[in-house]
Amino acid sequence: MAKKMHDTPMLDQLESGPWPSFVTGLKRMAEKNDMAVDLLGQLETSYRNTKGYWKGGTVGVFGYGGGVIPRFTELKENGKPVYPDAAEFHTLRIQPPAGMHYTSKLLRDMSTLWEKYGSGLIAFHGQSGDIMFQGCTTANVQPAFDELNEMGFDMGGAGPALRTSMSCVGAARCEMSCYDEARALRTVINNNLDDMHRPALPYKFKFKFSGCPNDCVNAIQRSDMATIGTWRDNIQVNEKLAKEYLATHGMDKLMTDVVGLCPTKALSVKKIGEVSKAEGMSSVAVNDTHALQIENHNCVRCMHCLNVMPGALLPGKDRGVSIMIGGKGVLKIGATMGTMVIPFMKLESDEDYEKLNELARNVLDFFAENALEHERTGEMIDRIGLVNFLDGIGLEVNPNMILEPRTNPYFRGDDWDEEVAKWNERQAG
Amino acid sequence: MAEMRQPIESGAPDPKPYMHPTMVKNYGKWVYHNHPKPGVLYHRAESGDEVWTVKAGTQRQMDGYTIRKLADIADQYAEGFVRFTTRSNIEYMVTDEKKVEPLIKALFDSGFPVGGTANSVSMIAHTQGFLHCDIPGTDASGAVKALMDDLYEEFIKCEMPNRVKLSTSCCEINCGGQADIAIIMQHTKPPKINHDLVANVCERPSVVARCPVAAIRPALVNGKPSLEVDEKKCICCGACYPPCPPMQINDPEHSKLAIWVGGKNSNARSRPTFHKLVASGLPNNAPRWPEVSEVVKKILGVYKADARPWERMADWIERIGWPGFFEKTGLPFTKYHIDDWKGHRHTLNASAHIRF
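Top line first, the protein sequences correspond to chains A and B.
When you read off a place in the first sequence, starting at 1, and then add 1153, the result is the number in my numbering.
When you read off a place in the second sequence, starting at 1, and then add 1, the result is the number in my numbering.
The hints are simulated quantities; they were obtained by calculation from the structure and are not laboratory data.
Ideal placement from N, C-alpha and C gives every residue a C-beta, glycine not left out.
All the pointers check out, no bait thrown in.
One-sided and incomplete, this derived list gives chain A residues near chain B with beta-carbon spacing under 7 Å:
{"#": "1", "residue": "Arg1181"}
{"#": "2", "residue": "Thr1203"}
{"#": "3", "residue": "Ile1342"}
Based on the provided sequences and hints, a complete structural model is requested.
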């Protein structure tokens, strides 16, 4: 039995309505947990005064320099916390299994552990993908982490460091998956943990892994290095499912929702006898008379037709990934998306994964050496230009990196001929 | 002092021990999916193995009772395995179709709405707010709870033209991320500086360096080293506040909420897009932010009625044009909608393309 509850007239208004209520959850916790009682007290004060009352500090675990988000209350009277049992309310950021898979036992074990050492409040998950064990005293941070660590779980990232990563459900349950997302995540993250656990980068660095260009984990918008699944050969087709689509949806839907929305007009409907047999052209019969024709060389792998006709159209067999660099949020120059720097690399063999790992290390090293303090990779590229970044990483220019060539004459091109020779050499190679 | 335990630097765990065995068995070998009904996905593997996934909304911030309830449902009605989506929905995987309906019933009966698949309004990606953030202008969990109460029917049905993803953020840093509709704190006044504290709390050169418009400079105030803000230059972004808490940017009255639309993470059809400002100046009205709900519902209502199948918010606006968006939603268009940040001229209409 915990101490008496504080009145929370404002929070009480968040208990009605059909959506699950976190306030009801906090109140259940508060029945046996003084920290939750006082958390509700401080939260109600925040609602009443429209003001936050937490400040940061320095709390960590032995051997690591990050991963704990310290929170001390600033709500004090005469120097004493108004809500003393929630005066320290730190969070442990813990990396989840890649793809966020759990057994019921693991959920129960985590919950029991956190009721023993912390408030019992867990967020599945934070915006970077951490399991957030919220509400811990300074004294309990170390034993809580030790026990989680013994269970097979490790601290995530915080501050100017490599951050916890995310991958989509991918190969575990999605036919669009073009590589082993969980393996890629674990290869890149687990080989660079020193940069996560001992923050010494100019600023945060995030990797994210999406199995296809649907980009379900927002890798292009939200990560410094996005690994996006794609394929080089023809879209795979399944005639039975394509015919089922037409039988269910009709020719008008095929024309408007599939053909009509293809961004590069790579799709068309032809009489079966008139489909092209040229290289790069493929087709699938949708009924006895007509076929959907795909001009694969002009397909930009946007995923739309695959999304609309699942199973009937599938990624090709020659699969791999595109790499995009420099996605980030608002601060300081405004949000930027990742820029295409590697249009395609295979990701199947052990050597392929090792290449991805080397690329990741290379990008991290360049960032560590060249970014200014508090500068994200996207901002650094904004400052130094993409070509200097490519030079630093050792990547060759490619027209897939741009939407259009420059529109101004402001460049000094003394070595134009040499650059042309390089291009010709690569084309010949 | 006792010897300290060295951490085991194990990193991101292997998901296989926690993954449904049918998903482990068919890893990388799925060939088909469909959407039997709202909240349910069907996947089939090359081997012929089948998995039904039932998706339900949660409050993200979960107490032990909630977590155990979700685990109990996994054991009683599913096969003991779950996963979470990036938007904090929980997914139960079953290999027997007969388990789907009892599982759905158990989830609804326990207060977890089943939905969030395909053309629904999914759970809102959100931040920490008053509950745990050190710089929040508002709360996140509460705003999300209030809004999801209002959008409940849109979560459990799938009646939108395409999927709709929402986010909320408690300051302009926008940790909630890009979304079809994003609700983000927008400060309207420069920071109020507590000059007594700056010298002790803030590393002044790095605070100066954080300002996107170079409006902050070192100054001596009342004989103490402090900082001053050129209020004519200040864009009230709050970037100085995290490294220097004495530069209080949050204001109960003047920190407002803004609404942004048209963010799209997918490459489907058009390239990914960032969300754009459509409304601001909404009051930070805890505990249920009704003014925000009203604008969000208005935008969703017009989108639902006007967009064509498969058009995301961004695709729809691209087709009807921004004048059409403001006309159809009735939202006022102001000088603040016209960008003036670096590179802004690319956002202006450099054509004679006008719709009448």
